[in-house]
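There are 4 protein chains.
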Amino acid sequence: MEPCFDIAHLAHVEMYSDRFEESLDFFVNVYGLTLAGQDETSAYLRAWDDYEFHTLKLTRHHTTGIGHVAYRACSQAALERRVKAIEASGYEILGWVNGDMGHGHAFRFCHPFGHVFEVYFDTVKYDPPEHEKPALKNTAQRYHGRGCHPRRIDHLNLLASDVSEFRRFMETCLGSRVTEMIQLDNGRIGGGWFTVNNKTYDLACTEEHSGGYGRLHHVTYATDTREDILRAADIFLENGVHIETGPHKHAIQGTFFLYVWEPAGNRVELANSGARLILAPDWEPVVWTETERKKGQAWGLKTIETFHTHGTPPIVKKGE
Amino acid sequence: MEPCFDIAHLAHVEMYSDRFEESLDFFVNVYGLTLAGQDETSAYLRAWDDYEFHTLKLTRHHTTGIGHVAYRACSQAALERRVKAIEASGYEILGWVNGDMGHGHAFRFCHPFGHVFEVYFDTVKYDPPEHEKPALKNTAQRYHGRGCHPRRIDHLNLLASDVSEFRRFMETCLGSRVTEMIQLDNGRIGGGWFTVNNKTYDLACTEEHSGGYGRLHHVTYATDTREDILRAADIFLENGVHIETGPHKHAIQGTFFLYVWEPAGNRVELANSGARLILAPDWEPVVWTETERKKGQAWGLKTIETFHTHGTPPIVKKGE
Amino acid sequence: MEPCFDIAHLAHVEMYSDRFEESLDFFVNVYGLTLAGQDETSAYLRAWDDYEFHTLKLTRHHTTGIGHVAYRACSQAALERRVKAIEASGYEILGWVNGDMGHGHAFRFCHPFGHVFEVYFDTVKYDPPEHEKPALKNTAQRYHGRGCHPRRIDHLNLLASDVSEFRRFMETCLGSRVTEMIQLDNGRIGGGWFTVNNKTYDLACTEEHSGGYGRLHHVTYATDTREDILRAADIFLENGVHIETGPHKHAIQGTFFLYVWEPAGNRVELANSGARLILAPDWEPVVWTETERKKGQAWGLKTIETFHTHGTPPIVKKGE
Amino acid sequence: MEPCFDIAHLAHVEMYSDRFEESLDFFVNVYGLTLAGQDETSAYLRAWDDYEFHTLKLTRHHTTGIGHVAYRACSQAALERRVKAIEASGYEILGWVNGDMGHGHAFRFCHPFGHVFEVYFDTVKYDPPEHEKPALKNTAQRYHGRGCHPRRIDHLNLLASDVSEFRRFMETCLGSRVTEMIQLDNGRIGGGWFTVNNKTYDLACTEEHSGGYGRLHHVTYATDTREDILRAADIFLENGVHIETGPHKHAIQGTFFLYVWEPAGNRVELANSGARLILAPDWEPVVWTETERKKGQAWGLKTIETFHTHGTPPIVKKGE
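Protein chains in written order, with the UniProt record's numbering: chain D, 1 to 320; chain C, 1 to 320; chain G, 1 to 320; chain S, 1 to 320.
Derived DSBU-like pairs (lysine-lysine); straight-line CA-CA distance at most 35 Å:
#1 D:133 / S:133
#2 S:295 / G:133
#3 D:302 / C:137
#4 D:294 / C:125
#5 D:84 / D:125
#6 G:302 / D:302
#7 S:125 / G:295
Listed next, the stretches of chain C that the computed footprint assigns to chain S, with coverage defined by at least 3 CB atoms under 8 Å from CB atoms of chain S:
#8 225 to 233
#9 241 to 251
Calculated from the structure, these hints are not laboratory results.
Predicted model only: the values in this text are computed from it and were never measured.
We put the beta carbon where it would ideally sit given N, CA and C, even for glycine.
Excised from the complex, chain D in its bound form (with noise of 0.2 Å):
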């Protein structure tokens, strides 16, 4: 399949936070993103290089999860031309919303799984205020050190009970192409790594085990590099935030990373590719074994219990 080429990349994710004041404190002063602007529900966070105006949407809820995701489209015309493709698509569509702070109007929908996407090309870059411009002016924001400090958005996770249906959905809705999998003895396929350019990943979805509906498994902001992440590492453990795993390689993606739980309980990582880029253009998905997973991540490390039951929120059951 040829690359569809109508999207650009993914935009921003909506989190819901049911301790709103002690996530936004994490995220601006721990993890080190720049709080561009604020209204009665949510708070609007940026990286130093996010090129828009924000890429998480903080918003306080009565739980903790996923609001939205966004993606970005190439044009008006790609705009338009992926809503026609949605709305032929069979998938749930929610239609028009105006849009926020940070971007104009998106046009929603959904699938079996209950996560809520949105596509939109009409965005608001960021206009640094004084105290925020950069000494380079080809970044976008002033490089300010505070916190884990990652450059950009990278990636978010989510899980569904059906991980072949929900690739699906990504390949119709998004023009995704996916670049790497597992295939479970049984059959199924129990993880997905999605793209719509030339990284290697900007979305995962792997296997709903615990019946929930809807949830997140993680969001992922970029480093510049693998000792960021180690640095972030003794950030994290000087502020008592609870370190699930790593930092290690991932064998799959061979992504360098670092899981922690924000206050609320979402879990958010950081990661570094190094080099890597998905170049070429009939690139074949790597499938991954059963056993080849069993050999843990790339130097060893085995993956936590954890990691294979935590989502957010907690467990919410669909029609609940």
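Use these hints to put chains C, G and S onto chain D, whose structure you have.
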């Protein structure tokens, strides 16, 4: 201008050497590439995670400099669209050529500044022999750890007497976008950085000041980390390689760099861009003025004189 | 206790291998040491900036484990002072032995847990052959960049059934200081970290749980950076070396570590301490409780089971 | 000469600032030190793993430059031995002074080039307030991650018109050893690097070319990694700090370095020596010729002009 997307990525560069054996030894044992194959005129070299058979074709020649630059199209259909656009462009057409050990037939064309380009789709993906098989199936080849061992080809820099005209060529023939450029006080463009995908650049063109024709400024491979480049500096030092400048950080593009001359005199670079990508489909070129350039590199290093004068071959005037 | 200062530093370790050729190949080509010399029983190995002829004497033997541990005295007079102190200590005296390729005559002695120690002053400073001459005259040898290439020997870890008694031995015979230790709930010392100079430790002793006698836990070389250790993990992976645990950061001493087993089964480590030194002449030992140790390593990694059981030789009881 | 061992380590430096508030803001918020205490004239600053109360005493003054240099003795007895040696040396004796917030009474003396030294044993170990308590009990203070956050004081560099005579002073009064030095073609010593312990140097002296008296060349703190220094370069850049030269690697001592000027003009450095230590008790000074120095720094960077001329205070002649 909406991105064109027909061209997937910079594929390989043919470099000439008049000290072939020394150059080959340098690229394999010091720079750390792998020799994928060899025929009577050329060695086919690759970095450990390049997915194609080769990315550097080192050719025995009576001069140094560059043979040709190759881009891979996204599909057969995309290749055909591009060939039509090139044929309609008015630039010199050299026509179809048979491929070599690394790819199938390719369409060649040329611009007024003497560099030969080719586009192709049919390629040879690297199939590692037993001793080069990687431990992780998602890398193209074993991480051998020999020499500086960059991960993949990154970009090249060509010299041309008229960068504005060169830009028109890149946009017309390859659908390249300018991500950053230098605007001289005299109204001319001093340099332009081009990309066909999410990389910050895959080709740069800077103004030829020495009257040369068809000259190469440098070829660059990407490392996973900045530390790889610091380590490389020690390896170059121990091997008596001429270190021209660096390690330091470019103001333009923010790339961490190190420039050396291989034994025949061609300039080669190692570079790391961290997590920086051009994700915005409507990215506006960053324009640097002459005044801004006079501040030197990002952390203040002054550009050394040879960087403005040394190209390969040393000086070959058009028509000689 | 004021530091004694008679002993300058840990000098070398003799390691036994019952797979000598494989072990030697590992240490030269994967771990990245240099073969300084060889006689009928042993290979004399060194890291690139060790100033003495060798720091690892790898000896062909019917078992794995440790031959002897050597410390260098600060001067001939200091050596004589130490010998007197050792002779007066009541520990077993093995007496003077001739040196080998790497140093002159040495005084040997032993403690009740079966490890042979020696002290000496007369040494052979490494005089690199032409192809090992460094580019910078202040390093002992060329930075070859082969394999994991640690910079210098760092420390070793021995197993003993009574760490308190082992501590008395280290203080009495070598004037070592304890920098950190584990205080078990049962009143015993679970482990002690010793140094004779500004290094945080050059020898650690942890409790032998398996009834073994004279066993080695591991030998460690120091790298300049943590990145060297991340890179080493990939090299070990590609070479099929058993990675036991890491990379991670120790809570005790804060060292960044990676443990692997060389082909014969001896555990070897690569470690980086950053800029940490013990500069205080009146440093108070840091005492870790059992409860504190249960938190795992610095960033939460749990200590794996084999770390408590695997030593070399596998199990040799006293008197067998 | 056998090492003397009476002196444990460089303890602190008193730096003068005629822009005290700006300098203090720089050291706390950009350079990343912690303010341990303050009295009417001075701020007492420390790096996060310095074990003493302070290592930089920043004093409000009508000029820039250096107040005094302090070394800590190994014990009370060692201090008394040193005082006797100093009194017998013929150098100018300033006598005992009361300590300050950071240490007890100290013995002061001076050499002909105008720098005041002191030695003491009685110290104040840092007892962190609640918000500075570290997560790991073996570090002196919380790893706060603010600014460049070096780990500990490393060394300082003084200017003197006769380095040979300065060397005699360091050997006589402090028992320092020369680890490396520059031998000029005119027979003079151009610079010397001194240490009292296993560090490669804690004080350097280079020839004063400008007729100044008692001037400071720079003060340096050590980082755990080279990456910390690359990151610091970006932080300095964003904060408008004058980056004089670097990051690069010194040929002498092999230290990775970055030099900036704090707001009042005093030069400060960040440096990383990797795992390099001087362990040999009979280390022979490495002697660099003028020809060798002309090759520039390790990777070829030329020493910039201000490095030979800029000291603080700008120029104060003896007797003025």
